[in-house]
Amino acid sequence: QVQLMESGGGLVQPGGSLRLSCKTSGINFGVYVMSWYRRAPGKQSELVSVISSGFDTQYADFVKGRFTISRDNAESTVYLQMNSLKAEDTAVYYCKAEFARTDYWGQGTQVTVSS
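In our numbering, the protein residues as written are 276 to 390.
It is worth saying that the hints were derived from the structure and are not from the lab.
Please note that the accuracy of each hint is not assured.
The calculated DSSO-like cross-link candidates involving lysine-lysine, where the alpha carbons are at most 27 Å apart (straight line), are [what the hints assert, rightly or not]:
#	residue 1	residue 2
1	298	339
2	361	339
3	361	318
4	339	371
5	298	361
6	371	318
7	361	371
8	339	318
9	298	371
Bear in mind the structure is a predicted one, so any value in this text is a computation, not a measurement.
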């Protein structure tokens, strides 16, 4: 059974930091492309960041220089370090695992940036 379990969300003040984790099981993690998406209330889902099986990374313009994606293949986990958080980063954050036209999603973790 494939499972993706996000954690690390919460309430943080503007300018603060959070580190999201997505622990996976049931997949050969090392071959999967891992991504973070987010969906804010009333908005469509948007891609935040991607890390390939070869550790190549990509970021949406709105998080470049603030967020860092990483993966630990030994732990089957992908991370998203989020710094300098803004109110507009408030959203539910989801991780996705993709390989050979098959993808799996986690249940999401809420990030709220507010003073």
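So, going through the hints one by one against the coordinates:
no.: 1; hint: 298 x 339; verdict: holds (24 Å)
no.: 2; hint: 361 x 339; verdict: holds (13 Å)
no.: 3; hint: 361 x 318; verdict: holds (17 Å)
no.: 4; hint: 339 x 371; verdict: holds (19 Å)
no.: 5; hint: 298 x 361; verdict: holds (25 Å)
no.: 6; hint: 371 x 318; verdict: holds (19 Å)
no.: 7; hint: 361 x 371; verdict: holds (23 Å)
no.: 8; hint: 339 x 318; verdict: holds (20 Å)
no.: 9; hint: 298 x 371; verdict: holds (11 Å)
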